[in-house]
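*Asks:* Residue-level listing of the chains:
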Amino acid sequence: MNFTYSEDQLTYRDTVAALLAGEVTAESIRTRWESAQGIDANLTQQLSDMGLNAMLVPESCGGLGLSELDFILLAQECGRVAMPEPLVENAMVATAMLSDIAGSGLVAANQCQDVLEKIATGNVSVACGHWINPYINMADTNQWLLLPHGEEVHLVGSQAVDLIAQRSSDPSRRIFKVNWQPSSRTKIADGQLGTDLWRSALNRGALGVAAQLIGLAENILQRAVIFTTDREQFGRPVGANQAVKHLLADCAVSLEFAKPVIARAAYAVATAPTRADWAVSHAKVAASQAALLSVRHGMQVHGAMGYTWECDLQIWMKRCWAIDKTWGDAGFHKNRIHEWLLNPNALMGAEHTFGKSMSLNDETILEQGAV
Amino acid sequence: MELTYTDEEQAFRLQVRQWLVGNLPETPLKSFDTQEGFEQHRQWEKTLASGNWGMVTWPKEYGGRGCNLIEWLIFEEEYYRAGAPLRVNQNGIFLLGPTLMEYGTDEQKQRFISAMASGDEIWAQGWSEPGAGSDMAAIRSKATRDGDEYVINGQKIWSTRAVFADWVFCMFRTDPDSKRHHGLSFVFVPLDAEGVTVRPIDQLNGLPGFAEIFFDNVRVPVSNRLGEEGDGWSIAMSTAGFERGLMLRSPARFQQAAKNLMGLYRAKRNDILDLSIEDAVVRCYMDAEAYALSTYQTASRLMSGGQIGAESSCNKIFWSELDIKIHDTAMRLLGARGELEPDSEDASAELGSWLDGFLFAQSGPIYAGTNEVQRNIIAERMLGMPRK
Ligand SMILES: Cc1cc2nc3c(=O)[nH]c(=O)nc-3n(C[C@H](O)[C@H](O)[C@H](O)COP(=O)(O)OP(=O)(O)OC[C@H]3O[C@@H](n4cnc5c(N)ncnc54)[C@H](O)[C@@H]3O)c2cc1C
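Listed in order, the protein sequences are those of chains F and D.
Using this note's numbering, you'd call the opening residue of the first sequence number 21 and step up by one each time.
Using this note's numbering, you'd call the opening residue of the second sequence number 552 and step up by one each time.
Please keep in mind that the hints were generated in silico from the structure rather than gathered at the bench.
Computed from a prediction, not measured in an experiment: that's the story for all the values here.
Glycine included, C-beta positions come from ideal geometry on N, C-alpha and C.
Treat the hints with caution; some may be incorrect.
[Stated by the list, open to error] Derived list of chain F stretches under chain D, where covered just means 3 residues or more per stretch with a C-beta under 8 angstroms from a C-beta of chain D:
hint, region
1, 48-55
2, 189-200
3, 261-275
4, 294-305
5, 347-356
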């Protein structure tokens, strides 16, 4: 048992964080709001050069062959700077799904390998729809879209879909409803495999959102600390008031008890994807709670300033509000945990904190009647 | 105790309902934080005034109906039930109006109250300054006496609807040597006066709901001062303050929202997986009722000559937190579609104005004295806890 990130993981995170801190500022985000597609093509290129799009692409297809556990800290950093580019969803959900199919021996494996190679060289990007999300963010910036039709997975060229732009309350998000026609030519998986693929996609998506929410919330908290230190009323910093301190301390507590939950979920998704539902749902619910509290209290301590368009806080708040409801809202995830706990075979008890107890397989547990 | 409406009260309710049915605008008005919407709302105020419904508690001579507080509550219930427009002149009619009645000279009442009731003059409030938010006694903007005039210099901020309003009532330092809450006076300034610059400030929804107001040697007659020179603070904090606290957010607003929330829940309940949402919806409804009951009780007590103190701070906390709960719950019910702006292709009736209300609810715990400051007041003045 060693519940820490590796040196490599932390170093890579720091490298990415340094890049993002320079490239994704509040000012540059507001510039994106004025642009047609809402993204910075230059940054997209840099991220691709660093191999970020292809982190989860297998080495055989020219990627880094890493896992969700390696990616999760980066997702948190993307959240911290409120990056509008849909890196997390594309690289962690769409790419991972393509990799799953590429390694499956299906007819479509070759096509997926081909797409993955192009992702690795930065020539192509792929977005992933899901029945749980009514809209796809930045759908118009991709060459391909993975789309669900029942349990079927379709890989559809962007020229073959009709994208209906919607307006999000978060100006950084460019969301689209996708109208399209499934056909046998676009279908790349179906049946049980399709169901499993969509389930994995949901878990990866929810995990990615949870990680981003943590980064977003930590940034809000940091902004709130700085603001309440600088802002004086009654001849002293407003942050000197216990009432203000406690509002922010509550956010810190909530965040501290969300982060390890997310780490466990990332581990579960990377190592035992078919048994990760409960861990992911817990992560999404915990991150959501911490983030929404940080938004509420973060805004509260800003006074009227936090209610303005000028104040950059809105960039982080609106992102939290919007993505909190994607890849399954808190209700969906709480319900998954609820159903899992009510399952007569649920593995409950302290020894199952990290999932199916590592030393015992299903059969032994069943033989011993210890379910 | 007699918890039934009298025949007169029932008749009054019917009268309000009938008038509203016959006079409500046919299509919803645009936001009053746009020029067009502001004028539409001004027109609505005129319509209200034409039926003497502008401010039912005011005396008849000022366009009111001399209603008591219970009748006022009934009016508000019908008003929100009908989905009538928000009151663009709320700073005037709910805040300044009652204060003017109490402290104004006859000339001032003549000059300002009717024009306020008719919607001809829409008022903004100018108390906050960049350095004086929670600490209002830190006001620095000055009104310096020069014969029959004040010469005003300084800056106000966060003035709601001042972008389109006609007048602003302000707190200025009239005694240059004074400190804190001494030496402040309550002064009216026309927003088109020479030397006044109004800079719009966009709110969270992108509309210019706030303004910063700059005063550069602005001259107003001394007769624009309410009350005595140097009495500004005590007027602002005066007993009329209670009525303001009571009137600013009447319970019907939240009861109607809780009812709408219940409707949203009914429509969605079959898709809802969240076990706690039912609890949240019910809780909102109960809290809205509790707020109404508390207000009815306070109104009754006041009508029989009672007084109110720090309880108005309890009110402020209760309604602002309730408003957040209602809108949080609505957003949970709307799920991933809740982020849609109403002008989106995919928007539908169920989205209603929940997003708008959700954003506005976030500001409730801040304006009209932040909830942290209110909690300090409750602890110190109501509970008598040690101050420092
Ligand atoms: C929607 C909206 C409309 C408004 N309309 C108007 C208007 O029309 N006219 C007008 O004059 N003003 C208006 N205001 C301004 C409002 O009165 C101020 O925002 C409010 O007084 C708080 O001041 P501030 O924003 O400067 O926050 P600050 O006073 O800087 O407070 C920042 C944070 O510190 C906390 N804090 C400060 N002092 C203490 C303390 N002693 N103990 C504990 N906590 C403390 C506050 O609670 C808050 O969380 C409006 C504000 C909003 C949000």
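*Asks:* All the hints need checking, so say for each whether the structure fits it.
*Replies:* Hint-by-hint comparison with the structure:
1. 48-55: This one is violated; 0 residues, fewer than the three required, reach chain D with a Cβ under 8 angstroms.
2. 189-200: holds (count 5)
3. 261-275: holds (count 4)
4. 294-305: violated (count 0)
5. 347-356: n = 6 at 8 angstroms, threshold three: holds.
Going through the hint list in order, the structure does not satisfy hints 1, 4.
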